[in-house]
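Undergrad: Take these sequences, add in the hints, and give me the full structure.
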Amino acid sequence: MESLNDPLFAETMFDCVPDVVFSVKDRTGRYICISKACVERCGLSDRAKAIGRTAHDLFPKHMADRYVEQDEQLFRTGKPVVDNLDLTLYPDRSPGWCITTKYPLRNTEGELVALACISKDLVDPGRNSLVDERFAQTIDYIQENFAEPLRIPDLARMAGLSSGQFERRMKGIFHISAVHFLIKARIHQASLALANESRPIADIALSCGFCDQSALSRQFKQLTGLTPREYRLMMRCDTDR
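Start counting at 1 in the sequence shown, then tack on 10, and there's your number in my numbering.
Treat each hint with caution, since some may be false.
[Unchecked claim] Here are the simulated distance ranges between beta carbons: (1) Ala-225 to Met-23: 22 to 30 Å; (2) Glu-158 to Lys-89: 16 to 24 Å; (3) Asn-206 to Thr-87: 15 to 23 Å; (4) Val-30 to Glu-82: 20 to 28 Å; (5) Glu-158 to Gly-62: 42 to 50 Å; (6) Leu-202 to Arg-86: 28 to 36 Å; (7) Ala-146 to Asp-36: 42 to 50 Å; (8) Ile-61 to Arg-246: 43 to 51 Å; (9) Gly-88 to Ala-212: 38 to 46 Å; (10) Ala-157 to Arg-86: 20 to 28 Å.
In case anyone wonders, no lab produced these hints; they're calculated from the structure.
Ideal Cβ placement from N, Cα and C applies to all residues, glycine included.
TA: Okay, here's the thing in structure tokens:
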């Protein structure tokens, strides 16, 4: 790599993929490489304005907190962070979901000096790309009945597939496992209810398929970096501005 004229060629390569965000951060969390898609989503006019800045400089706090937590875990353990379901900013700067993978980068002495991050937007494809009607009907069933105690083997049978085939198709189409897809549907509905309704959080948890408020809080915090209560307060503050 040191002999290349442009060692950061990946930055330019990922500029051609608008639904993927690529970046490299040093151990202080500062960007040293960032793709065009990320620059635009952060509302910056020039890539140079992002270099040397941190996630907290560019993203909403609740998103940045989550990213920093992942970075610290990677630098602490030296292990990759793979296929995390995270909130991000879409090209129109609206919040949305993505799948994030981060890998440690080491120097020639083997020291962990940076990390590379790739985040792919999680945009549900249309029914025409769901391969066949039975699979499409199963996806519809999940989205309509997310609050029910759904079991993956039952869903696989509904789609006319084995559990392994169903998982492979889910990952091939949505890039996440069937369990992650179900959790995403439940968290999405819970986030809508938290932002737009005044119902108790415990009621929202039950109506979205969680066994109790603690289960919702645990999953919500893990995926968004916020508790349901913190998310509700944040959305109310944004509405009042």
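Undergrad: The structure should be examined with respect to each hint, and the outcome stated for every one.
TA: Cross-check of the supplied hints:
1. Ala-225 to Met-23: 22 to 30 Å: Once the Cβ atoms are compared, 41 Å apart, the range 22 to 30 Å for Met-23 and Ala-225 is violated.
2. Glu-158 to Lys-89: 16 to 24 Å: For Glu-158 and Lys-89 the Cβ distance comes to about 35 Å; the hint is violated.
3. Asn-206 to Thr-87: 15 to 23 Å: With Cβ atoms ~38 Å apart, the hint is violated.
4. Val-30 to Glu-82: 20 to 28 Å: 23 Å, holds
5. Glu-158 to Gly-62: 42 to 50 Å: Between Glu-158 and Gly-62, where Cβ atoms are some 49 Å apart, the hint holds.
6. Leu-202 to Arg-86: 28 to 36 Å: Holds, since Leu-202 and Arg-86 (Cβ atoms, about 34 Å apart) stay within the stated range.
7. Ala-146 to Asp-36: 42 to 50 Å: 45 Å, holds
8. Ile-61 to Arg-246: 43 to 51 Å: 35 Å, violated
9. Gly-88 to Ala-212: 38 to 46 Å: Since Gly-88 and Ala-212 have Cβ atoms about 40 Å apart, the given range 38 to 46 Å holds.
10. Ala-157 to Arg-86: 20 to 28 Å: 37 Å, violated
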